[in-house]
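**Q** Chains as they are written, first to last, in the numbering used here: chain A, 20 to 135; chain B, 11 to 124.
Please note: incorrect hints may appear among the correct ones.
Taking beta-carbon pairs under 10 Å as the criterion, some of the chain A residues facing chain B (in silico) [said to hold, decoys possible]:
| id | residue |
| --- | --- |
| 1 | 25 |
| 2 | 54 |
| 3 | 61 |
| 4 | 64 |
| 5 | 108 |
| 6 | 112 |
| 7 | 121 |
| 8 | 123 |
Keep in mind that the hints were calculated from the coordinates and are not lab data. This structure is a prediction, so every number in the text was calculated from the model and none was measured. For every residue, glycine included, the Cβ atom is placed at its ideal position computed from N, Cα and C.
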Amino acid sequence: AQTVTQSQPEMSVQEAETVTLSCTYDTSESDYYLFWYKQPPSRQMILVIRQEAYKQQNATENRFSVNFQKAAKSFSLKISDSQLGDAAMYFCALAVSGGSNYKLTFGKGTLLTVNP
Amino acid sequence: SAVISQKPSRDICQRGTSLTIQCQVDSQVTMMFWYRQQPGQSLTLIATANQGSEATYESGFVIDKFPISRPNLTFSTLTVSNMSPEDSSIYLCSVLPDSPYEQYFGPGTRLTVT
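Sequences are here, hints too, so could you generate the full structure?
**A** Right under this line is the structure:
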């Protein structure tokens, strides 16, 4: 079974500053994917960034980047130059590939507040 | 990516009644999923609905309570049966396209049971 742990229920950041959200996971599989999703008050789940476990290079998407530490099973999200629109619930998620056994497992989420 | 729509976007229902939620995708996908998100909580998988086979339910969810249809590769429905106030949640449809390996979500249906 897979588990995803987000130890920070809430975080806050000043506009234009940088914030890092933490995530650890556990799986016995060698082939898996990690994701960060954003859910603003509109409740739409938005995919922020994806990391394949077999890739050593950390994924980046504009102001969003990850620090993927495979041995430590850690997958943190860094948001640079924070904007008011970044305020949302952020979910870390793990997907183990494998056809019909595919399942996406979510952490409990981190509520990010951006202060003007 | 995939664009997903859900109907209704929200509803208020009486205890003991049933509600059917529709999910429409703009492209053909094999794997579709239904999630429940209770207030302030994370997402919980209800079932996986693959076209051409019976839905697979997660522990704690049963077909009599949450019957699912998947008549084709772009459409699915989830029915919440014999509702109680504990069923008040957001219900989300989600799909996994063949490529890229990324799961996409619909806008959700906010259900309130009184």
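**Q** Is the shortest C-beta separation between residue 121 of chain A and chain B less than 10 Å?
**A** 7 Å, holds
**Q** Restraint: residue 54 of chain A near chain B, CB-CB cut 10 Å. Satisfied or not?
**A** Check passed: Cβ of residue 54 of chain A comes within 7 Å of chain B, closer than 10 Å.
**Q** Checking hints one by one. Is residue 25 of chain A an interface residue toward chain B, by the C-beta closer than 10 Å rule?
**A** 9 Å, holds
**Q** Double-check residue 64 of chain A for me: the hint is only fine if its C-beta lies closer than 10 Å to a C-beta in chain B.
**A** 4 Å, holds
**Q** Quick check on residue 61 of chain A please, does its C-beta sit within 10 Å of some C-beta on chain B?
**A** Constraint on residue 61 of chain A satisfied, holds at 8 Å.
**Q** Quick one, is the residue 112 of chain A hint okay against chain B at 10 Å, beta carbons?
**A** Holds. Min distance 8 Å.
**Q** With chain B as the partner, please determine if residue 123 of chain A meets the hint condition of a C-beta pair closer than 10 Å.
**A** 5 Å, holds
**Q** Per the CB criterion, is residue 108 of chain A less than 10 Å away from chain B?
**A** 9 Å, holds
Violated hints for the displayed structure: none, as all numbered hints are satisfied.
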